[in-house]
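Using this note's numbering, the first residue of the sequence shown is number 1, and each one after it goes up by one.
Some hints could be false.
Listed below are the simulated SDA-like cross-link pairs for lysine to any residue, each with C-alpha atoms no more than 25 Å apart in a straight line [unchecked claim]:
| id | residue 1 | residue 2 |
| --- | --- | --- |
| 1 | Lys75 | Gly10 |
| 2 | Lys64 | Gly9 |
| 3 | Lys75 | Ser25 |
| 4 | Lys64 | Tyr32 |
| 5 | Lys64 | Arg98 |
| 6 | Lys43 | Ala30 |
Source of the hints: derived by calculation from the structure; they are not laboratory data.
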Amino acid sequence: QVQLVESGGGLVQPGESLRLSCAASRSIFAFYTMAWYRQAPGKQRELVARIRSGANTAYADSVKGRFTISRDSAKNTVYLQMNSLSPEDTAVYYCQGRYSSTDYWGQGTQVTVSS
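Can you make the complete structure from the sequences, with help from the hints?
Okay, here's the thing in structure tokens:
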């Protein structure tokens, strides 16, 4: 069974940083891709950042230069470092992994950016 567990969300002020973690129940190299999505109230879920098994990364235009996706294979964990946060980044953030042609999702972690 594949499980993804997110952590690291919280309430921060504009301009501050947060790091989200996604712990996988198996080697992250077994996933074709791992990604972070987010969903704000009343909006569709959107891709924030993605990392492929070969370490290629991709970002939404809205987060380029501010967010960084990375992984630690020893910990089977994928991270999302979020800097210069703004209220527009407020959302539930989900970890997603594609394993054996199936998409798996974490339960989500709330990020709120507010003064």
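> Among the hints numbered above, which are violated by the structure, and what are their numbers in rising order?
Replying inline: 6
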